[in-house]
Amino acid sequence: MHRCRQCQALIYGNAEQTYCPACLLRMGLEPETATLPLPSGGKFRVPPIAELQTHLPALEFHELVGQGGMGAVYRARQRELERPVAVKVLPEDLSADPQFVERFRREARALARLDHPNIVKIFEAGVADGWCYIVMEWIEGVTLRHAITVRSVDAATALQIVSQICAALQYAHQQGVVHRDIKPENIILCTSGQVKVTDFGLAKLVDLDPQDASLTATGVRMGTMRYMAPEQFDARTIDHRADIYSLGVVFYELLTGQVPMGHFALPSSTASIDPRIDRVVLRTLEREPDRRYQWACEVQSDLSDLSRVAPYATDPGSQRFVDPRYMARGGYAWRSRAHLWGVPLVCIATGIDPSTGKKRVAKGIIAIGDVAVGLIALGGVANGLLAVGGVSFGAVTLGGVAFGMLFALGGAAIGTGLSVGGGALGTLALGGAAIGLIAVGGGAVGYAAAGGSAVGRFTHAWGVGWTPQPLDSIAQIAQQLTRGDLNLSLAGYVGGCLLIPLLLVAGCAILAHRSEADRAERWHRGATPSTRFAPQAVPPWKQSAPGTHMGLGCLTALALLLVMLFLVLVIYYLRSAPLAPITM
Amino acid sequence: MNSDRPSFATTHWSKVWQASKDDSSGRNARQQLCQQYWYPLYAFLRRSGHDPHASEDLVQGFFADLLAREGLQHADPRRGRFRSFLLTACRNYAANQSRAQRTARRGGGRQLLSIDFDPERAEQRYGREPIDEETPERLFQRQWALAVIDTALDRLASEYANAGNPQWFAALRPFLAPCDEPPSTETVARQLQMTPGALRVAIHRLRRRFGEALREEVRRTVESDEELEEELRALLAAVR
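Chains U and P, in that order, are what the protein sequence lines are.
Per numbering that gives the first Met the number 0, residue 0 is the first one in the first sequence, and the count goes up by one each step.
Per numbering that gives the first Met the number 0, residue 0 is the first one in the second sequence, and the count goes up by one each step.
Derived from the structure by calculation, the hints contain no laboratory data.
It is possible that part of the hints are untrue.
Not the full set, but computed from the structure, chain U residues with beta-carbon under 8 Å of chain P [claimed, not checked]:
(1) Glu81
(2) Asp153
(3) Ala155
Quick list of the computed label-pair ranges, beta carbon to beta carbon [said to hold, decoys possible]:
(4) U:Ala264 / P:Arg124: 29 to 37 Å
(5) P:Pro165 / U:Asp289: 45 to 53 Å
(6) U:Asp153 / P:Glu215: 54 to 62 Å
(7) P:Glu225 / U:Ala109: 46 to 54 Å
Far from chain P, some chain U residues (derived; all Cβ distances over 10 Å) [to be verified]:
(8) Leu93
(9) Ala95
(10) Thr148
(11) Pro288
(12) Ile364
Only a predicted model underlies this, so the values are computations on that prediction, with no experimental measurement involved.
Virtual Cβ for every residue (Gly too), placed ideally from N, Cα, C.
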């Protein structure tokens with residue numbers, strides 16, 4: 000039992016079997032693009048210039064500039080138009096096959112229609128005395144292979160190069176042309192800085208690439224195979240997404256100088272680059288076409304997002320990194336240079352962290368942010384010794400919903416110590432509806448209760464005297480309400496009851512609020528062009544500007560003010576009528 | 000080569016199967032189908048634990064039974080693939096068949112069926128199968144794939160023979176999908192009196208034509224063009 004030297008499939012030990020069944024079955028799956036190499040028949044005969052000159056008199060041949068799997072390339076000049084051109088001459092054997100010549104003509108017509116600044120233009124194609132040739136735009140520059148070899152490409156340039164390749168691929172893919180052979184040899188860096196992709200569709204044409212310059216002893220096209228998408232090896236159908244994989248290999252090589260093989264390292268671990276690029280590279284290199292970027296324009300737009308942002312443009316003063324894109328969308332991050340116990344003295348952070356895709360959390364002695372954690376924390380959700388925010392947890396807390404150990408002040412204040420708020424729950428509770436050991440409020444329930452309608456062991460005269468007893472009916476309570484107190488107690492009830500939902504809503508809204516940055520991020524991650532550019536269904540209450548945060552904050556503050564006002568009123572009444580035990 | 004193969008080359012297997020029992024060309028075609036695919040069934044039965052004799056009897060009996068009947072009881076030939084149909088039918092047949100019934104039926108079966116069945120060669124071939132953990136089903140699938148390939152190769156050989164150059168096929172065949180080092184192109188080119196370039200074009204065409212022949216052959220055993228691709232992938236998975 001041994002393996003096929005082409006596809007590594009197992010050949011079971013059958014002496015009669017001189018063929019590889021897997022290779023044969025693949026021929027059935029893809030008759031047009033059988034990838035088996037033809038046996039090498041000696042060196043590819045490069046046509047001498049003199050011979051070409053007689054076949055193509057309209058051109059003035061200067062020199063042979065390159066030779067590879069697809070034939071030989073000459074520098075020439077069109078006599079009539081006096082413009083420099085590159086002439087690619089395909090191997091002689093191919094033109095012996097009339098079917099090939101027919102396909103060549105058909106393909107050339109399709110390729111000649113491609114007109115894009117990043118694609119080498121085709122001027123003319125034809126067959127002259129047994130040689131298939133293509134006349135192309137002459138590009139002054141070097142191949143990307145050359146640039147990689149001399150390592151002259153830095154990360155920023157790599158991003159620009161890849162972005163231009165993307166533009167070329169996107170255009171060609173939209174025209175229905177798949178390159179099939181994206182590799183550094185086929186990418187030219189012009190002296191003007193422009194990037195041009197050449198040899199579009201030729202791989203499909205010369206699917207049995209006869210003599211690659213890098214032919215190995217076994218006849219396998221190793222040079223090109225490293226850039227081939229997995230589906231180009233399997234007998235799956237190949238579409239434009241194969242180019243996106245090859246692009247990923249080129250990208251990886253540009254960044255690291257190596258081709259990704261097996262379990263390859265992340266680009267950022269080999270080269271000093273922005274780790275966010277890893278995500279883009281990895282997605283182009285997904286083995287499953289469905290999990291890859293579906294279109295080259297998606298790669299390009301992700302890259303342009305990255306390159307517009309200088310992630311580590313550090314301000315020497317205070318390690319400040321402001322991401323303009325996220326700033327515009329309501330995101331911001333700032334850390335003071337001064338540290339205390341290894342924690343920044345001040346940290347301000349809002350919005351989404353682009354490197355993790357998660358909400359930023361402000362952590363510092365003084366922390367301000369959507370989510371803030373610190374000794375003094377201010378934010379939508381604040382956790383700290385002193386916490387102020389939509390929802391706050393801590394020793395001393397102020398917020399829409401406040402949970403405090405010592406002091407909680409908020410729409411709904413819950414604490415073990417003093418709770419003050421629309422709805423207050425605590426040892427000492429003051430509020431619209433107060434429940435506690437000592438409760439003071441519009442409606443107060445407690446051991447000692449004072450308020451518009453107080454329920455407790457001790458109640459203030461201002462309230463309604465009432466001993467804890469089974470509530471038989473609402474009428475019974477109503478009976479106990481003295482006429483003179485009715486207005487006051489009603490005001491207390493209404494005030495307290497209004498404040499509770501108002502402040503609860505304010506607190507919850509801050510928690511659930513989707514800021515602009517959130518939406519931007521979701522747009523940013525859209526998978527395909529169709530979903531990416533389609534307006535997303537965002538509920539109206541979520542479609543708020545960053546200013547909403549401020550609005551909600553003000554609302555909370557206003558509500559807190561009302562609570563304070565209410566407290567003042569309560570204290571005023573308490574002063575006028577001292578607390579006394581209930582007389583049954 | 001069977002002379003009436005071309006006339007059934009593109010006919011779907013279920014049509015061949017349903018053709019009138021008395022129609023002699025229909026019977027020939029049916030026998031031909033059996034001929035192509037008896038070895039995978041034989042290998043399946045052997046791997047399932049039957050001895051060489053029992054396996055031979057079962058294959059013979061199964062085909063005789065299948066050909067003698069007009070309507071098929073175990074499976075509907077109008078639906079599904081020939082491959083799964085034969086396997087299911089054969090498995091059921093083997094399960095249902097008691098030794099006594101098998102012996103009784105053998106005589107009748109042999110008359111109807113003229114499969115070129117060489118038990119010794121079959122056993123030899125089976126002996127070369129790798130002894131491993133492979134299930135009978137998987138062995139059957141792999142053998143089926145090889146049988147399909149063989150049929151396509153036969154068809155290609157007859158095409159080259161009809162075109163008047165049978166020696167071409169013999170010379171080109173080692174290049175079709177060589178699993179070892181193929182002979183040197185110079186030698187073969189000289190032998191066929193052509194240039195190495197022309198030889199490479201010829202190999203290219205041979206491969207393309209083989210792909211087509213293979214598709215035609217597989218198309219006969221499935222219901223639709225969509226299934227064709229699926230079946231080819233299944234076969235590819237079976238030989239890997």
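Consistency of the hints with the structure:
no., hint, verdict
1, Glu81, "violated (36 Å)"
2, Asp153, "violated (43 Å)"
3, Ala155, "violated (44 Å)"
4, U:Ala264 / P:Arg124: 29 to 37 Å, "violated (49 Å)"
5, P:Pro165 / U:Asp289: 45 to 53 Å, "holds (47 Å)"
6, U:Asp153 / P:Glu215: 54 to 62 Å, "holds (55 Å)"
7, P:Glu225 / U:Ala109: 46 to 54 Å, "violated (28 Å)"
8, Leu93, "violated (8 Å)"
9, Ala95, "violated (5 Å)"
10, Thr148, "holds (32 Å)"
11, Pro288, "holds (16 Å)"
12, Ile364, "holds (62 Å)"
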